[in-house]
Structures are given as C-alpha cells and as structure tokens.
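Throw the hints in and build the complete structure from the sequences for me.
Chain order of the listed sequences is D and U.
Position one of the first sequence corresponds to residue 239 (this note's numbering), numbered consecutively onward.
Position one of the second sequence corresponds to residue 6 (this note's numbering), numbered consecutively onward.
Be a bit skeptical, because a hint or two may be false.
[Unchecked claim] Calculated lysine to aspartate or glutamate pairs in the EDC-like style (CA-CA distance at most 20 angstroms, straight line):
| id | chain 1 | residue 1 | chain 2 | residue 2 |
| --- | --- | --- | --- | --- |
| 1 | D | Lys362 | U | Glu116 |
| 2 | D | Lys362 | D | Glu291 |
| 3 | D | Lys362 | U | Asp125 |
| 4 | D | Lys373 | D | Asp361 |
| 5 | D | Lys385 | U | Glu116 |
| 6 | D | Lys284 | D | Asp361 |
| 7 | D | Lys294 | U | Asp114 |
| 8 | D | Lys329 | U | Asp125 |
| 9 | D | Lys284 | U | Glu105 |
[Stated by the list, open to error] Pairwise CB distance ranges, derived in the manner of DEER restraints:
| id | chain 1 | residue 1 | chain 2 | residue 2 | range |
| --- | --- | --- | --- | --- | --- |
| 10 | U | Thr128 | D | Ser317 | 23 to 33 angstroms |
| 11 | U | Phe73 | D | Leu308 | 38 to 48 angstroms |
| 12 | D | Asn333 | U | Pro98 | 30 to 40 angstroms |
| 13 | U | Glu79 | D | Ala287 | 20 to 30 angstroms |
For the record, the hints were derived by calculation from the structure and aren't laboratory data.
All values derive from a computational prediction rather than experimental measurement.
In this text, a Cβ means the ideal position worked out from N, Cα and C, and glycines have one as well.
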Amino acid sequence: MTTRRLFPFLLALSAVGGATRAADPPVRVTVVAMLASANHAVVDPKLVALADEVRKRHPKLTGFQLSAALQKSIPVGESATFALADGQSMKVTINSPKDKSGRIGITLFPPGLGEIQYTCVCDKFVPLITPHITKAGERLVIAVLVKPCNGK
Amino acid sequence: MTPPDPARYADGSLDPTTRHAFDPAPPTCAEWKRVRDEIALRVLPRTQAAARRGRLGAALALAACAVFAILVWEGKKAPAPSNPTPELAAAQPRPDPLAEFAVLPVATDDEMRIATLRGDWGTGLVVGLHPLEGELQLATAGEVTVGRAPVGMATPPDFDDEPMVIGFKGPRTSE
Chain D
239 MTTRRLFPFL
249 LALSAVGGAT
259 RAADPPVRVT
269 VVAMLASANH
279 AVVDPKLVAL
289 ADEVRKRHPK
299 LTGFQLSAAL
309 QKSIPVGESA
319 TFALADGQSM
329 KVTINSPKDK
339 SGRIGITLFP
349 PGLGEIQYTC
359 VCDKFVPLIT
369 PHITKAGERL
379 VIAVLVKPCN
389 GK
Chain U
6 MTPPDPARYA
16 DGSLDPTTRH
26 AFDPAPPTCA
36 EWKRVRDEIA
46 LRVLPRTQAA
56 ARRGRLGAAL
66 ALAACAVFAI
76 LVWEGKKAPA
86 PSNPTPELAA
96 AQPRPDPLAE
106 FAVLPVATDD
116 EMRIATLRGD
126 WGTGLVVGLH
136 PLEGELQLAT
146 AGEVTVGRAP
156 VGMATPPDFD
166 DEPMVIGFKG
176 PRTSE
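Spelled out as structure tokens, the structure:
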C-alpha cells in the first residue's frame with residue numbers, strides 16, 4: 239500500500255531529475271596527446287607550460303612534441319573514447335556538469351594508469367604521464383581540458 | 006425434281022445438265038462484300054494492336070537507351086558525391102582544437118580535486134593532490150567517539166588508546 243502511494247511521487251521525482259539532467263549542456267572535452275622524449279630538447283611552443291609541469295616529476299623528459307589534439311562533445315553522464323598516439327586510447331566519462339565553484343566532474347581511464355575521478359575548473363589542461371613508451375623510446379603524455387559547450 | 010444420288014454427284018457420273026441443276030449458286034457480290042467486311046473487322050484490329058504494341062516497345066527501348074546514355078554521360082563527368090566518403094572527409098582540414106591557445110594552460114593543484122584513484126598511478130599525476138598524499142595521519146585517542154556501531158562491527162577493548170572499528174565478514178554470533 240505504501241509502495242503504491244509512493245510510486246507516483248517517485249515517478250514525478252525521477253521525471254524532474256531527468257529533466258534537470260537533460261537541461262545540462264554537453265561538455266566539450268579536448269584531449270591532447272604528446273610524446274615526451276629524453277633524447278632531444280625540442281618543445282612545441284604550445285606545450286611549454288605543460289612541459290615545465292611534467293619536468294617537475296620527470297626531469298629527464300626534455301623534448302615534447304604534439305602528437306594529436308582531439309575534441310568531442312560529451313553529454314553529462316555519458317562517455318566517449320579518444321584514440322591517442324601509438325595505438326593507445328582513453329575512455330572519458332562526464333560525471334557532473336559545471337557546479338557553483340565552476341568545476342566539472344570527469345572520469346578518465348588513461349592507458350596503463352587505471353582510473354581517476356576528479357573535478358576541475360574549465361579551460362585548464364590536466365596533464366597525466368602514462369607508462370606507455372613508444373618503440374622510439376618516447377613517453378605518452380596526455381592533457382585533458384573540459385569546457386561546457388555553451389562556452390559559459 | 007428428285008435430288009440425285011450424292012455418290013453419283015460426287016464421282017461425276019451425272020450428266021452435265023442434271024449436275025448443273027444441283028450445283029450450288031456462286032456467292033453474290035453482296036455476300037463477298039459481307040465476308041470481306043467480317044475479315045476486316047476481325048483481322049485489322051489485331052494488326053493495329055500489334056502495331057501499337059510495337060510502337061510502345063520501341064518507345065520504351067528508346068527511353069531506356071536515352072536514360073543509359075545520360076547515366077554514362079553523367080558518369081563521365083564524375084560529379085561530386087552528395088555524401089563525401091570518409092577518405093574525402095578526412096582529407097578536408099578540420100578546425101584546430103588548440104587554435105585558441107598560444108600556450109596550453111595547465112591546471113594548478115588548487116584547481117583540480119581528485120575524488121578517486123584506482124590502479125597504480127606512480128608518478129602519473131602531474132597536478133592535483135593524491136587522496137593519500139604523504140603519510141597517513143591516524144586519529145588519536147579522544148578524537149573519535151563511536152555513537153553506535155551496526156551489527157557486524159565492533160570496537161576493540163583498547164579503543165581509547167588506538168581508535169579503530171573492526172568489521173566481521175560473516176554474521177556475528179551472539180557472545
């Protein structure tokens with residue numbers, strides 16, 4: 239009896255929740271794949287700041303070259319897979335839309351690292367150093383940026 | 006007049022006068038005209054229908070030839086497909102996702118909050134604080150107060166010295 243009384247309420251609640259979720263704009267995810275090397279010191283001008291941060295953890299990585307820059311629009315609650323360099327790929331899930339503090343919730347499954355779930359401000363790249371090494375001895379480094387598709 | 010024996014009429018043994026008397030009368034001009042009219046009525050429509058069918062077939066064949074010729078001509082002109090193939094689409098320049106950046110901006114530790122880490126991350130993280138960054142700080146005696154523990158959990162006797170909660174895997178029997 240109680241269940242019967244609660245059912246319309248739960249149904250309305252789920253409908254409201256669904257409408258709220260549907261109103262969230264999709265998130266534009268930009269993934270940059272870089273190849274870092276200890277055999278040269280050539281750094282792509284766009285990667286100067288990223289290279290500086292990576293070198294704090296891996297001082298031997300001196301050269302940074304852009305391998306791929308990918309962008310996808312992903313609805314909140316859904317996932318997409320990005321094809322990275324050297325046959326590697328990464329699944330990205332958008333967990334939550336931009337909150338009051340301006341952060342978007344995201345889960346990454348980078349190659350060889352497992353899973354990371356975090357929130358981050360928009361328009362900033364989060365770099366990750368994967369354990370994947372190419373045949374040429376270059377290490378695959380990833381950077382991920384999220385941004386609401388309406389640009390706000 | 007008595008009709009002659011048909012056998013004699015047939016074998017020609019009757020005399021000519023008697024034979025001519027029983028010869029059938031030749032058809033008149035009116036009868037010939039009626040026969041010709043019937044022939045015309047029955048034969049000519051078929052001929053006209055056949056002619057119509059022939060004309061229709063010829064027209065269809067001509068149309069098919071025309072369509073084929075147009076297709077061949079258009080094929081030679083090699084028009085651009087309405088839906089470009091993936092190869093052609095890939096050949097077209099895509100907008101650069103990084104065009105808006107002269108230098109890619111990097112998030113700081115304060116701008117990234119890690120909620121969950123699974124797997125061996127080692128030195129994979131560049132920014133953001135690891136949830137277990139540094140030495141684990143254990144609560145000390147007096148910093149924890151257990152109000153009520155569910156069934157299957159208990160606090161050790163020396164809880165006041167080393168606060169911890171112990172969980173049992175199986176259903177706990179009453180002591």
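Distance restraint hint 23 to 33 angstroms, applied to the beta-carbon atoms of U/Thr128 and D/Ser317: 26 angstroms, holds
Between D/Lys385 and U/Glu116, is the straight-line Cα distance small enough, at 20 angstroms or below? 14 angstroms, holds
D/Lys362 and U/Glu116 were given as a pair; does the straight-line alpha-carbon distance stay at or below 20 angstroms? Answer holds: D/Lys362 to U/Glu116 is near 9 angstroms, not above 20 angstroms.
For U/Glu79 and D/Ala287, compare the CB-CB distance with the range 20 to 30 angstroms and indicate the outcome. The hint (20 to 30 angstroms, Cβ to Cβ) is violated, given that U/Glu79 and D/Ala287 are roughly 55 angstroms apart.
Distance restraint hint 30 to 40 angstroms, applied to the beta-carbon atoms of D/Asn333 and U/Pro98: Given about 33 angstroms between the Cβ atoms, the range holds.
For the pair supplied as a hint, D/Lys362 and D/Glu291, is the alpha-carbon distance within the 20 angstroms limit? 13 angstroms, holds
Straight-line Cα separation of D/Lys284 and U/Glu105 no greater than 20 angstroms? Holds. D/Lys284 to U/Glu105 sits at ~11 angstroms (cutoff 20 angstroms).
Holds or violated: D/Lys294 and U/Asp114, Cα atoms, limit 20 angstroms. Holds. D/Lys294 to U/Asp114 sits at ~13 angstroms (cutoff 20 angstroms).
Pair hint outcome, D/Lys362 versus U/Asp125 [Cα-Cα no greater than 20 angstroms]: 25 angstroms, violated
Hinted pair, alpha-carbon criterion (20 angstroms max): D/Lys284, D/Asp361. Please report holds or violated. 15 angstroms, holds
Hey, D/Lys329 versus U/Asp125, does the alpha-carbon distance stay inside 20 angstroms? 17 angstroms, holds
Pairwise hint evaluation, D/Asp361 against D/Lys373, where the allowed Cα distance is 20 angstroms at most: Between D/Lys373 and D/Asp361 the Cα gap is close to 33 angstroms, so the pair fails against 20 angstroms, i.e. violated.
Consistency with the previously given hints fails for numbers 3, 4, 13, ordered from lowest to highest.
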